[in-house]
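Hey, can you work out the whole structure from these sequences and the hints?
Chains as they are written, first to last, in the numbering used here: chain A, 1 to 234; chain B, 235 to 468.
There's no promise every hint is true.
What the hints assert, rightly or not - Estimated spans, in silico, between C-beta atoms of each pair:
1) B:F378 / A:K41: 41 to 47 Å
2) A:F144 / B:V463: 29 to 35 Å
3) A:W133 / B:I445: 26 to 32 Å
4) B:I449 / A:K41: 47 to 53 Å
5) B:G453 / A:K157: 26 to 32 Å
6) B:S303 / A:F15: 28 to 34 Å
Think of the hints as simulated: they come from the structure by calculation, not from any bench.
This structure is a prediction, so every number in the text was calculated from the model and none was measured.
Idealized CB from N, CA, C, for every residue including glycine.
There are 2 protein chains.
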Amino acid sequence: SLSVAKMAPDDYVGFTFFVGCMAMMAASVFFFLSMNSFDKKWRTSILVSGLITFIAAVHYWYMRDYWVSNMESPTFFRYVDWVLTVPLMCVEFYLILKVAGAKKSLMWRLIFLSVVMLVTGYMGEVLYRDQAWFWGLISGLAYFVIVYDIWFGTAKKLAEAAGGAVLKAHKTLCWFVLVGWAIYPIGYMAGTPGWYEGAFGGLDLDVIYNIGDAINKIGFGLVVYNLAVNSSKE
Amino acid sequence: SLSVAKMAPDDYVGFTFFVGCMAMMAASVFFFLSMNSFDKKWRTSILVSGLITFIAAVHYWYMRDYWVSNMESPTFFRYVDWVLTVPLMCVEFYLILKVAGAKKSLMWRLIFLSVVMLVTGYMGEVLYRDQAWFWGLISGLAYFVIVYDIWFGTAKKLAEAAGGAVLKAHKTLCWFVLVGWAIYPIGYMAGTPGWYEGAFGGLDLDVIYNIGDAINKIGFGLVVYNLAVNSSKE
Ligand SMILES: CC1=C(/C=C/C(C)=C/C=C/C(C)=C/C=O)C(C)(C)CCC1
Ligand SMILES: CC1=C(/C=C/C(C)=C/C=C/C(C)=C/C=O)C(C)(C)CCC1
Chain A
1 SLSVAKMAPD DYVGFTFFVG CMAMMAASVF FFLSMNSFDK KWRTSILVSG
51 LITFIAAVHY WYMRDYWVSN MESPTFFRYV DWVLTVPLMC VEFYLILKVA
101 GAKKSLMWRL IFLSVVMLVT GYMGEVLYRD QAWFWGLISG LAYFVIVYDI
151 WFGTAKKLAE AAGGAVLKAH KTLCWFVLVG WAIYPIGYMA GTPGWYEGAF
201 GGLDLDVIYN IGDAINKIGF GLVVYNLAVN SSKE
Chain B
235 SLSVAKMAPD DYVGFTFFVG CMAMMAASVF FFLSMNSFDK KWRTSILVSG
285 LITFIAAVHY WYMRDYWVSN MESPTFFRYV DWVLTVPLMC VEFYLILKVA
335 GAKKSLMWRL IFLSVVMLVT GYMGEVLYRD QAWFWGLISG LAYFVIVYDI
385 WFGTAKKLAE AAGGAVLKAH KTLCWFVLVG WAIYPIGYMA GTPGWYEGAF
435 GGLDLDVIYN IGDAINKIGF GLVVYNLAVN SSKE
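Structure representation (structure tokens):
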């Protein structure tokens, strides 16, 4: 029978799932419909911004229903989402640095590292929780190499060669990866057994992930959008 | 009552169904929204790339729910998908060779062969499993003729006449058909009775099909997309 579950009025986790879902949908429409107003060289970047929020919108659609039905964290779906969106964010770094001559090898290296980071993270969080510290360490190393590459490595040098609006956008995206993405390993430490678990008790992870995802995905896309706006003024 | 099934966290078959579904959706949006940035002569090819992934996205949507509900391979839906998408891939060969004067007869011949391949395959896999070897043989012959035609026949000659980016794309697509498509007859042999069945025990066919489909459909489409990018540079 057709039925819509009642929401508890104080279910603030559910509230962030619903707001998050709608925000991702609206952001996707925004990016998709504005891409053609920009010069050809920025269109793919803005389209990819839209794909990232679109993929998230579809997963939040599941996840809010999953939450309402099971009152349980939809970890499985979060990882389905990440394994597609995080590599696409790596593609964004490549796309905006293409003007400075970025090579496909940079893109593939970042994609590979992000997949290693997520697959080992899933192993520790879900499959082999007893060795969570071990898998988390490998995952963290991959994360560290990504951070290093964009802050100080090849990607940084390309951004400096490009200068202007590209350099500015690259710097902002670097902060997203260093600070915005850091909430995920913190969530991992709060949610898996280990010497560290006590330190983060009491945090409601789903709320933090939902707010973090919105900032990391929509915000990230808006940085790229702004770059397209600023570079047409230059 | 509204309910979303819980996923077993180690259901990696289910994981590939979900990731595959979303990847196909995202790829469709990508092809649909980027087609108009290209010269008119490439738009239909890119649109068809999008149709192929879009048809797959809808079937993966069924298939992932089918998997979650029945924990059984959705063979029926795979064939529904193939009978539409494989002929469309044949159309792609024709579309990219049109610049070199490809005739509609090439397109119809490839379409006809692909339909024979799939209908006889379905007969062996589902309807007359006792004669699986016989139907598999006919299906394999049709597959062989397709491979021959694109690697050495009319299609190859047209690609050589076109040269440049078209020839390069044609060659890559030929490899897709020879290597990427070969997983399907291997799956057939693993899944039907016959002298050959033992050779492939232990493989989880759905995982292999899900990964193979993503490569064969999204990858195939991206080759065509790249052709459009490269030919505007030439
Ligand atoms: C380092 C590390 C992790 C990092 C996850 C990250 C960095 C996820 C980023 C997700 C994003 C950006 C989502 C979308 O907005 C895991 C897998 C939790 C496991 C523990 C160690
Ligand atoms: C030769 C052969 C087969 C070939 C199937 C093929 C080649 C399917 C291709 C599907 C694609 C490309 C799907 C989309 O991505 C069958 C029917 C299994 C039956 C056994 C013999």
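Right, here's what the structure says about each hint:
{"no.": "1", "hint": "B:F378 / A:K41: 41 to 47 Å", "result": "holds, 44 Å"}
{"no.": "2", "hint": "A:F144 / B:V463: 29 to 35 Å", "result": "holds, 34 Å"}
{"no.": "3", "hint": "A:W133 / B:I445: 26 to 32 Å", "result": "holds, 30 Å"}
{"no.": "4", "hint": "B:I449 / A:K41: 47 to 53 Å", "result": "violated, 28 Å"}
{"no.": "5", "hint": "B:G453 / A:K157: 26 to 32 Å", "result": "holds, 31 Å"}
{"no.": "6", "hint": "B:S303 / A:F15: 28 to 34 Å", "result": "holds, 30 Å"}
Violated hint for the displayed structure: number 4, the only one.
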